[in-house]
Amino acid sequence: MYSIILATASRYLLLLLLMFSVFLLFRGHNEPGGGFVGGLVAAAAYALYFIANGIEAARTIVRFEPIMIIAAGLCTAVASTLPSLVVGKSFMTAVWVDTGIPFVGKVGTPLLFDLGVYFLVLGITLCIIFSLAEEDRL
Amino acid sequence: MSKIIMLPILFPVCAALIMIFFRRSVAMHRILNVAATASMLVVSLVILGSVRSEGILSLQVGGWEAPFGITLVADMLSSIMVVSAALIGFTTALYSLGTIDEEREHFFYYPLLQLLLMGINGAFLTGDIFNLYVWFEVMLISSFVLLVLGGRPQQLEGAIKYVTLNLLSSSVFLAAAGILYGTAGTLNMADLAMRIPLLDHRELLSVVAVLFLITFGVKAAIFPLFFWLPASYHTPPVAVSAIFAGLLTKVGVYAIMRFFTTIFTHDGVSFIHQVLLVLSAFTMVVGVLGAVVQYDMRKLLSFHIISQIGYMIFALAVQSPLAIAGALFYIVHNIVAKTNLFYLSGLVHRLKGSWDLREIGGIYRFYPMLGLLFLVPALGLAGIPPLSGFWAKYVVIKAGIDSEHYLLVGVALGVSMLTLFSMMKIWNEGFWKNDPRGEGSVEDEGYLRTPTMKKAVTLVPIIMLGFLTVMFGLWFEPFFEFADRAAYELLDVYNYIDAVIGGRS
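In order, the protein sequence lines correspond to chains A and B.
Residue numbering for the first sequence follows the numbering used here, starting at 1 and increasing by one per position.
Residue numbering for the second sequence follows the numbering used here, starting at 1 and increasing by one per position.
These are computed hints drawn from the structure, not numbers from a lab.
This structure is a prediction, so every number in the text was calculated from the model and none was measured.
Where is the CB? At the ideal position from N, CA and C, for every residue including glycine.
All the pointers check out, no bait thrown in.
Not the full set, but computed from the structure, chain B residues with beta-carbon under 8 Å of chain A:
#1 Lys3
#2 Val13
#3 Leu17
#4 Ile20
#5 Phe21
#6 Leu59
#7 Val61
#8 Gly63
Which stretches of chain A does chain B cover? Using the computed rule of at least three CB atoms under 8 Å from a CB of chain B, they are:
#9 66-78
#10 85-96
Looking at chain A on its own, in the form it has when it is part of the complex (with noise of 0.2 Å):
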């Protein structure tokens, strides 16, 4: 069933929806968030936009491949324990470096560990609702 209302909305909301996630990404390290949340907020866009108009067009603008997504997102949360074994303290420690750029202030190795679930969730979620769209498919 396609729905022009949807369709449309579903472009707008996609964009909102992942800044929205971004959002909480950003927001989880001292409040309620975190890259787990976002990823799926993030997923939960592109579910939309999939429901709006079909799964190829999800497919399209999704660009990477979810398994992809996965491996990036796995990499990341890998490469952020490694910086602890660089400065010598023990293996995950959270390394942080101060930017002193005004509202970016301290940056640090959970950023990109979140970061890395993020990608996880949202290559996840994705790896799923396409499989499931294309088995109805078939």
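Starting from the known structure of chain A, fit chain B onto it as the hints suggest.
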């Protein structure tokens, strides 16, 4: 130096990730898989060496101090187990090159193998019970996928039993961990070992101990929780069966060993050792009887795993230093011999095209060297001197006699005879008797057409493990020294506590 102990966990995950990025290139997967397992073997040997010279190594992950954060600990027991895991990982990586079909390779066979090894190494190295649960899950989920990869009906049927029972045991594990945390206020193994003797309210501890016994009993396939094993282990490709047979049940035995020598040592749970004694007898007998009646090679070997687990549990239940060392030596010997037998069964299947011993025969006549290669692990498993199984059984039975468990010693000896009988059954049926289908069918076309490289990579692991079985037997003492040291470390808990928590002050 202690940072090195996270490498056996970090290597596989990195290898698996790189493989996913290069998922179209199977050649890349193969190379990475062998390279990652080989480097894991080197690293694990280095760990073993440094544990031997420096004592227990511990690593506080994230810099959070011991009872609060997650600790990775490599004592003698853990490092021996990690070396065995890496060894089997490496040989399976080689063996897979020759036997796994390209379709499975495309469906992430190699990354899954790496993740399985990561889970196993994590379970061996962690010093925290909840973390152990997580590693168990990593291991189980990879093994679920490896088990059903290929999707034949027979595989799915086996997988349903495997998955159901293992998920159930995981939830029991979680419940037990929850109750233990509620009672003792910590899940760090060293901290538990320190606190449990001082606890006021011990009523729940025996419940927790039994729950943990059930959980690990399922993983280790001890009586009466074993039936998922013979139902599922013969269904996946041989390389997968071999790594499962070699390592997965041993993780359960390792956990029982760790829990009932380090954590639950006080008087309140000494009944566990009585329970273990009885269960070990049943496990030995039921396993071997199951094996004797089987004609399917892999089912026969699967039942054998259970029977061999019985010996290990028996030794653990006896609890003397000699028995614990014997159990550990037994585990390593069994990992090597059992995996080797599975590799060989795969080769026999390649040659003859059937798993059913009644339908095949005459291998010895055309491939005498293969017969020799089979006899080494088969007689090793049965306990014929001078192979490794003889010493393993000798130590376990000696410990049994010293502690006056005569009935169980009798059972163990009887089961040993039946083990020999069932190994000879494979020999007589598969290797010695004439092929019932006549001489013409002996040369299996498929095998002759496989490239020499593929034949070589399937034979190298078999020769490597066979060589080890002989080595364990001939140079028993230097190998046993490691096991002995591990047993003393396990029974002297203060060492362990000191290495994990004491380093702080």
